[in-house]
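Visitor: Residue numbers are given in this note's numbering: position 134 of the sequence shown equals residue 137, and the series is strictly consecutive.
Treat the hints as calculated values from the structure; they're not laboratory data. Certain hints may be false.
Below are the DSBU-like pairs computed for lysine-lysine, each with C-alpha atoms no more than 35 angstroms apart in a straight line [what the hints assert, rightly or not]:
(1) Lys240 with Lys196
(2) Lys406 with Lys374
(3) Lys172 with Lys381
(4) Lys267 with Lys133
(5) Lys227 with Lys301
(6) Lys133 with Lys337
(7) Lys149 with Lys322
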Amino acid sequence: MIDNSRNEKGIQILSEGSHIRKITKNHYSVDSQSQNKTYSIRKLQDSDTWTCDCPDFLYNLTRKDDKRCKHIISCQLLVNTVQNEKKIERVERAKICQRCYSSTIIRNGFRIVKNGTKRQRYSCLQCNYKFTLGENGFSKVSSDPKIITEALNLFLSGMSYRNIARHIKSVHDMSISHVAINRWMRKYMDIIKEYVETLNPLVSDVWSLDEMMLNVKDTQKTGKGFYDWVWTIIDPKTRFVIATEVSKKRKVEDARNIIAKGKKVSNPSYVITDSLNSYQQAIRTELDARKTAHIKTKSLSDGFQNRPIERYHNEIREKLKTRRGLGNDESAQKFAEAYMTYHNYVRPHEGLGNITPAEASGINLNLGHDKIKDLITKSVESKSNFAVQLGKRIDKVNIVNEKDSIKVTCKGWMEKQTWREINDILKLSGFNWLSNGKDSCWLKLLS
Numbered sequence: 004m005i006d007n008s009r010n011e012k013g014i015q016i017l018s019e020g021s022h023i024r025k026i027t028k029n030h031y032s033v034d035s036q037s038q039n040k041t042y043s044i045r046k047l048q049d050s051d052t053w054t055c056d057c058p059d060f061l062y063n064l065t066r067k068d069d070k071r072c073k074h075i076i077s078c079q080l081l082v083n084t085v086q087n088e089k090k091i092e093r094v095e096r097a098k099i100c101q102r103c104y105s106s107t108i109i110r111n112g113f114r115i116v117k118n119g120t121k122r123q124r125y126s127c128l129q130c131n132y133k134f135t136l137g138e139n140g141f142s143k144v145s146s147d148p149k150i151i152t153e154a155l156n157l158f159l160s161g162m163s164y165r166n167i168a169r170h171i172k173s174v175h176d177m178s179i180s181h182v183a184i185n186r187w188m189r190k191y192m193d194i195i196k197e198y199v200e201t202l203n204p205l206v207s208d209v210w211s212l213d214e215m216m217l218n219v220k221d222t223q224k225t226g227k228g229f230y231d232w233v234w235t236i237i238d239p240k241t242r243f244v245i246a247t248e249v250s251k252k253r254k255v256e257d258a259r260n261i262i263a264k265g266k267k268v269s270n271p272s273y274v275i276t277d278s279l280n281s282y283q284q285a286i287r288t289e290l291d292a293r294k295t296a297h298i299k300t301k302s303l304s305d306g307f308q309n310r311p312i313e314r315y316h317n318e319i320r321e322k323l324k325t326r327r328g329l330g331n332d333e334s335a336q337k338f339a340e341a342y343m344t345y346h347n348y349v350r351p352h353e354g355l356g357n358i359t360p361a362e363a364s365g366i367n368l369n370l371g372h373d374k375i376k377d378l379i380t381k382s383v384e385s386k387s388n389f390a391v392q393l394g395k396r397i398d399k400v401n402i403v404n405e406k407d408s409i410k411v412t413c414k415g416w417m418e419k420q421t422w423r424e425i426n427d428i429l430k431l432s433g434f435n436w437l438s439n440g441k442d443s444c445w446l447k448l449l450s
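All chains, full assembly: derive it from the sequences and hints.
Guide: This is the structure we're talking about:
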């Protein structure tokens, strides 16, 4: 039975603050409330067992189920308080409403995800919208973003959905179904794909083009088996995968589709392929034969092979070896696109000095160690509003949504350079500067 009086006294000791001193991680010193002395409180390293050298603890030790004295209770409360504060995510972001862009917002409780991490929730005083900052790409999900991106990394490294679920359970003690991991992969890789397609890699004028068979379980039977073909164009210099496509057959129209897709990224002077007949007709149709040379590779016995593209396809074979094929035609296309993104932006290449093909192609996104998480964040921020672009400068202005317009006013005096930076950013977002003395502002009319 819990003694409420001891709990109250423990809370009183903690509230007074100066009575508790932390000596080591598991050793505390607490002043006596009735005598001029201190008591030593210790916690065992590998269990939640606490000891104290006060008379009350020694009395409880043999007579009561709850052996804690008020000194132990005060130390436990202190530890729990610190741990809870550490679980609150610190987010340094512009504090504005994500719906109406108003800066008149207040704190409104916390959002707690599955691992117990707290995220500050805000409420807009203007439109009553409730939101959480710093969740770009991960809003309305109960799982920790770190768990999500870990699952995506494991999947693209070759682990099956069910094995990933077992790994998360054993390492993080969280029960996640393999179906949820499948949904994460589809959702977040689509978000990243839409973003990276807007980036322009600086690739060479040489294409390596090849096709590879994929085992697909739930698909129309072709010949003697169930399979699709994945077509890939890669830049042999930077190892950047320019385009990928999945088809049922290897006809001329299938070859034309992948070439047409690649033309949206770059126009080659040389195209290296194997001896598949479909390539010759497709290249003549899709590319200018007067400007593009078609190089057919010979057999391995002649000492020449299309090495970069073969190496990439061997990567895919390695990832799919433990899965025994893909589910259907749609999942085959999704996997091909997801692995293309993983290869280009996440996986470092030893042949490039341990940088990614994207970095070798002049795309430097300054991604951290968790590249997939950073890509998801950048994907959402790229669609975001002017407030993200203002960054720290947003502290210098007030933003008010007046239903038919958005008004941005200066909070006070600011340096000319800062004003010019804000002015340039807002102009690019459709704002106009209205000069009217103290009432001067930037204004954007809403349609």
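Visitor: All hints are to be evaluated individually against the structure, with a verdict given for each.
Guide: Comparing the hints with the structure gives:
no., hint, in the structure
1, Lys240 with Lys196, "23 angstroms, holds"
2, Lys406 with Lys374, "38 angstroms, violated"
3, Lys172 with Lys381, "29 angstroms, holds"
4, Lys267 with Lys133, "41 angstroms, violated"
5, Lys227 with Lys301, "27 angstroms, holds"
6, Lys133 with Lys337, "34 angstroms, holds"
7, Lys149 with Lys322, "22 angstroms, holds"
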